[in-house]
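Note that the sequence shown covers residues 1 to 914 in UniProt numbering.
One or more hints might be untrue.
[Stated by the list, open to error] Below are the DSBU-like pairs computed for lysine-lysine, each with C-alpha atoms no more than 30 Å apart in a straight line:
no., residue 1, residue 2
1, K349, K107
2, K700, K666
3, K28, K58
4, K206, K107
Think of the hints as simulated: they come from the structure by calculation, not from any bench. Quick caveat: nothing in here was measured; it's all calculated off a predicted structure.
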Amino acid sequence: CTEHPFCHLIDTLRSEQYEERRYFNLQKLSDVRYEKLPFCMRVLLESAIRKCDGLYIKTDDVSSILDWQTQQNQAEVAFSPARVLLQDFTGIPAMVDLAAMRDALAKQGVDPNLVNPRCPTDLIVDHSLQIDYSKCAIQSPPTPTDESHGAAVRSPAGRPSPRGSSSSGHSVQIENTPLLCPFHLQPVSEPETMIRNQEMELIRNKERLQFFKWCSKAFKNINVVPPDINAVHQVNLEYLCQVVQEGEGFIYPDSVVGTDSHTTMINGLGILGWGKHDVSYCVIFVSSAVNSNDHLRQAGIGGKFVEFFGPGVQQLSTPDRTTIANMCPEYNATVSFFPVDDVTLQHFKNTSTDHPLVVLEDYLKAIKLFRSYGDQSDEPQYSEVIEMNLSSIVPHVSGPKRPQDRVAVTCMKEDFINCLNEKVGFKGFHISKEKQATQVPFLHKGAEYNLAHGSVVIAAVISCTNNCNPSVMLAAGLLAKKAVEAGLTVKPYIRTNLVPGSGTVTHYLNTSGVLPYLRKLGFEVVGYGCATCVGNTAPLPESVVDAIKQGDLVACGVLSGNRHLEGRLCDCVRANYLASPPLVVAYAIAGTVSINLETEPLGVNLEGKDVYLRDIWPSKEEVNHTEENIVIASMFKELRSRMEKGSTFWNRLESAESALFPWDPKSTYIRCPSFFSKLVKVCTPQSIEGAYPLLFLGDKVTTDHISPAGSIARVSAAAKYLQSNLTPREFNSYGARRGNDDVMTRGTFASIKLQNRLIGKTGPKTLHIPSGQMLDVFEAAERYQRDGVPLIILAGKEYGSGSSRDWAAKGPYLMGVRAVIAESFEKIHRNHLVGMGIAPLQFLPGQNADSLELYGKERFTINLPQELTPRQQLTVKTSTGKSFSVTALFENDMDVAFFRHGGILKYVARSLLL
C-alpha cells in the first residue's frame, strides 16, 4: 500500500459491533471541492482513487473528477466498476468471443487460461422467454429435438409432465417448479402454461446452457446464475446488489456496468450503474477499466448523470425510485441516481438479512455518501437544476411508435385519431378519412367479433420496467379484482400475458389474492424474462391477423415495457403503446386505445350499468396497505435460498472440463466467430479503396433496423441458412442464437421496416450495384466480400438511435462494412462502431448525401493516414470525380487505437500477444 499514490487516505472503520474494515477516506483529501461533488460523482472519485495504478487510472483522472465543472467538456476519465453484469442475450456473445480469443491465443502459443474477466462478473442466464403457450390459444409446437441427434427429447429430470398426463389425479411439488409457490409452497393460480413455456426454453436452449455451464467452470472471476430462476433485472435488485462491497482488503461502494439498458434500475438503491450493451465488455474483462468520457460531458442530455434531490425524494419509495432510474435511457441520461438515505436503509431492513447494515451506514457516513435531507450545509453543486412538482404529474402512455412520444391518457383518443390522419412518419399512419371507420368482422372460437383501427390485440404486463415496483403490479392486480367483480372481461382474441421479473412478483401477487383475478382476465404468468417487447410473444390467432390485413387496420399493442418500435411486437401490429401495468389491464378490458378513459366507460356491469375506470381504480391507501402486508423480508430470503440452490436441470447438465471450448461444427447455436481470423501481432490500418455502398439510408435509422431481434422470419437469409437442418418451428429467436455469428450476420439489416434508397421501397433488400440485382442485404454483402470489394453505408441524421445493441456493429463488421458516413450518430452506437473497427464518418455541417449530389451507386475511396488523430478531417473521393471532406468521429486516442487494431476484440487479444 505504501506505493499507492493515495495510501495516505487509507483509514480504518471501527466499531464494537463488527470487525475492523479498511477504506479510502475521501474526507482526508481536505479538499472543499469534494464537499460540493454530487453523490454519484463521489462514487466515481472513490473508484478512481482506490484503483489508481498510473496505467489505466491515473492521478489526472482524480483531479479531473474533483474539477469536473470546468473539465466536463474536455476531460475523460477511466472508471473501474465493482462488478460487471451480463444477461444471457448479451452474455453469450461476450463469452463466445472470450472463448474464441482463447483459441486464437492458444494457436499463438499463449496460455489460454490467461483470458479471464478481470472484473467480478455475474452472468444471469434467464433474460428472455419465448412464449409458446398462452391463454389465447396454446400453440402446438413440435416435440423439441436435440439437434445433434434429431431424436425427441424427454422432459429433463426434475421437470414436471404437462398437467393432466398423470393418472394419479393430483399434483406433486417438484423442485423449482411453479406448480406451488417456491417461497411458501402455497398453491399458485397459473396452470401448466408457465411450466410448459419454461420446459420448452430449457430443452430448445440446451446447447446454450451447456456452453454457460462450461463458462462457469473454465473462466475465473465469473458467477453464473442458473436458468429457470429469475430475470436479470430482478436478480440484480434482489440478490446481487450490496451498496457496499468488500474485496482486496477494503470496503468500497458497489457499482456496476451491465450489458443491458435496464442496469440503470440499480441507481434507485444508491448503486451507481449503467448499461453499455456493447463490445466494451472486453476492456472491462481484461483491463478492469472502461473509458467514460461521455459520462462526464454535459453538452446535451445524452450521457448526463442525473441526480435526484429535494423534499419530494423522501416521499418516493425505493420501488418508485428504481422504476424512475430504470427509465433514464428513455430521456437519454446515462444514470438517474438516488443517493442512499433513510428510505434506502429501511428497504434493506425490510428485505435483507445479508447486508451488514451497521457497516453500510457507518461507512457511507464516514465518506459522506449518505444523504441526509435535514443537513443542508453540504449541498452538492450541480451543473443544472430542474424542478419537478410531483403533484403536477398526470398519467401518460407513450407511442404509437417511439418511447419518447408521450400522450396524456385523457388525450389518448384524440391523439390516436390524429395519428391516423398524419402522413406516415414517427407518429402518423396516413389512413384516409373514409377508411377510418372500417370494421372487419371475424370468427374466433365460434363467436363473431369486430376489429377496427385502434383495436387492442396484444396486452402484456412484462418484466423489464415495472416489476421492480410492487405498488404498480399490485395496482394492476387490484384493478383486475375490481373489474372481475364488476363483471368486466377481456375479449378472448387479445393476446394477453403476464411475464414477471421474478418469483418474488408471483409470490406477492398470489399471496395478496389478486393473481386469480389477473388470470381471469387472461393475464396469467407464462414465465420469467423478456418476451413481448423483444418480439417473443406467441403468434396472434390467424383470424385476427387475417382481419387486420383485410381491413389494413392499425391494430394496437399495449405493454408495460420500455421498447415498442413499430413492428417489434408483431409485424402486423403497427401501433404500440407503453403504459403502466394497471393501464395495460384497463386498455385490454376496453379493447381499444381509441377511448377517453376519463369520460367513456370501459364496459357494462352485470346490471347493464356503465363501468368507468375511476370505478375500479384502486386507491393509494389500498395499494399501500396491501404492499406493507405482503412485500416482506421472507420473500427475499427464500429467493436467495432458491437461487443459491439452483435447479435440478442445471445441476445435472453436463459440460466439458477443458480450458478450450470444444466447438461443435454441427451446432446452430454456438459457433466460433471469425473476429480473430489472421490475428497477427502488428496491425496497420489500410485506406478504403473503391468501396460500394451496401445501403443508402435516411434519418433515424434505429438499432432495431440494424440488429437482429425477435423471431426469425421464414423468408429471411437466416431462415435459408437454418432450414437445411431445422424446420421453421425449430428456428427459435435471434436472441437465442446470438452465439452463432452466421445467423446473426444474416439477420443484420433484416428489418421489414428498413427503408433503403437504393431500391426505393421498404424491406430487407438492397441493390448489388455491379450486377444490378436486388438481393437480401446479407446476400449482397456476401457477394461483395467474395469479390474483395469493401463496403460503406450512407445515412442521414441520428444513425443508430434506439436501444443499444452490440450486434448493430458486429453484424455490419462481419458483412464487410468498413465505414458509415452519416449526418450524425447516436453516441452509444458511434462507440460500438469504433469498438468493432468501423469508422464513423460525419458529413461536415450543412452537408449531406443530397447536398453533395450523391446517388449511392458510386465507388468511394477514403484515405486513412498512418498518423490518424481524433476528429481528424478525411477526404472522400468518388468514382464520378466528386471529392468532399468528412470528420472521423474518433473522440480520443483510445478510439484511434481500437480502430487501428480492427476493434476492441483484436486490441485486447494483441495486448496478450506482446
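Which of the listed hints are not met by the structure?
-> 1 and 2
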